[in-house]
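Asker: Keeping their order, the protein sequence lines are chains P and L.
If you're matching positions, the first sequence starts at 1 in this note's numbering and goes up one per residue.
If you're matching positions, the second sequence starts at 1 in this note's numbering and goes up one per residue.
Bear in mind the hints are in silico, worked out from the structure with no lab data behind them.
Honestly, I wouldn't trust all of these hints.
List of simulated lysine-lysine pairs, DSSO-like, C-alpha gap at most 27 angstroms [said to hold, decoys possible]: (1) P:Lys53 to P:Lys142; (2) L:Lys131 to P:Lys103; (3) P:Lys103 to P:Lys55; (4) P:Lys103 to L:Lys39; (5) P:Lys52 to P:Lys142; (6) P:Lys53 to P:Lys141.
The model shown is predicted, which means the values in this text are computed figures rather than measured ones.
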Amino acid sequence: MSGTLRRAAAALLRWGPGAGGVGLRGAGVRAAGAGTGAGGGGQAEQLDALVKKDKVVVFLKGTPEQPQCGFSNAVVQILRLHGVRDYAAYNVLDDPELRQGIKDYSNWPTIPQVYLNGEFVGGCDILLQMHQNGDLVEELKKLGIRSALLDEKKDEDSK
Amino acid sequence: MWSTQLGRRLVSMATRICLSRGSSGSQGVGPVEAAIRAKLEQALSPEVLELRNESGGHAVPPGSETHFRVAVVSSRFEGMSLLQRHRLIHEVLSEELAAPVHALAIQAQTPAQWRENPQLATSPPCLGGSKKTRETPSA
Numbered sequence: 001m002s003g004t005l006r007r008a009a010a011a012l013l014r015w016g017p018g019a020g021g022v023g024l025r026g027a028g029v030r031a032a033g034a035g036t037g038a039g040g041g042g043q044a045e046q047l048d049a050l051v052k053k054d055k056v057v058v059f060l061k062g063t064p065e066q067p068q069c070g071f072s073n074a075v076v077q078i079l080r081l082h083g084v085r086d087y088a089a090y091n092v093l094d095d096p097e098l099r100q101g102i103k104d105y106s107n108w109p110t111i112p113q114v115y116l117n118g119e120f121v122g123g124c125d126i127l128l129q130m131h132q133n134g135d136l137v138e139e140l141k142k143l144g145i146r147s148a149l150l151d152e153k154k155d156e157d158s159k
Numbered sequence: 001m002w003s004t005q006l007g008r009r010l011v012s013m014a015t016r017i018c019l020s021r022g023s024s025g026s027q028g029v030g031p032v033e034a035a036i037r038a039k040l041e042q043a044l045s046p047e048v049l050e051l052r053n054e055s056g057g058h059a060v061p062p063g064s065e066t067h068f069r070v071a072v073v074s075s076r077f078e079g080m081s082l083l084q085r086h087r088l089i090h091e092v093l094s095e096e097l098a099a100p101v102h103a104l105a106i107q108a109q110t111p112a113q114w115r116e117n118p119q120l121a122t123s124p125p126c127l128g129g130s131k132k133t134r135e136t137p138s139a
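Take the sequences, apply the hints, and build the full model.
Answerer: See the structure below:
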């Protein structure tokens, strides 16, 4: 339990305003904004690079520190539960081109969007189901990320 | 948001009653909701179809049809991954998702999955969206 608190505290420090620390990229700064008006091809390439740059990439309304949508918040909370700290989060509310571009890229009409290992996994509903049925733990393991829930379970088992 | 909780529950109850009676054009069902229901019924021949307009719980004007939650139980989903099921629903509702619907929560199960756990998922509370403040929307 204390381990989880320690991790949560560390995460909060990372996600503090202007933290710019290791792991979390925020506020759509690395959005495809640079590709303004570049048309489908250019932007798709940029987004492709973006989702492949990190193992876990999410597109949210708001930031992990301050989600501005209940569904985006659900994604943040699930990742937090699993102790995933180092992930890239892009705020589509800061960038209308990103907001539309990522929907075109994934052919998925809504935000949030979750990418694991460069591959689109789904939105909040799918991530929640993956969390509930254990698939998320497995997918994270494939990425070399050990879910915090495994540690908690271990703690429980040993009591 | 909590002040409209009772209102939402009443609307939800009314919607469920309408669902069980199979009536269309009932009070409170907008054109978008009716279209979504019709298209899903035609495309998926669902055993269970629960559709709820959740726009009232979000920072949009009253009467909006922008946020929906749908639960579909259909044998068409057999052998399909979650992603495939959701994409299929998106395809069926592509027109509505182009406008005005911009939030669609989906619960898509096979009949066997539903029988195992016949429970409707619920949506998390709105956190304001692109509005800067989190006040309840005014008329």
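Asker: Which constraints among the numbered hints does this structure fail? Numbers only, ascending.
Answerer: none
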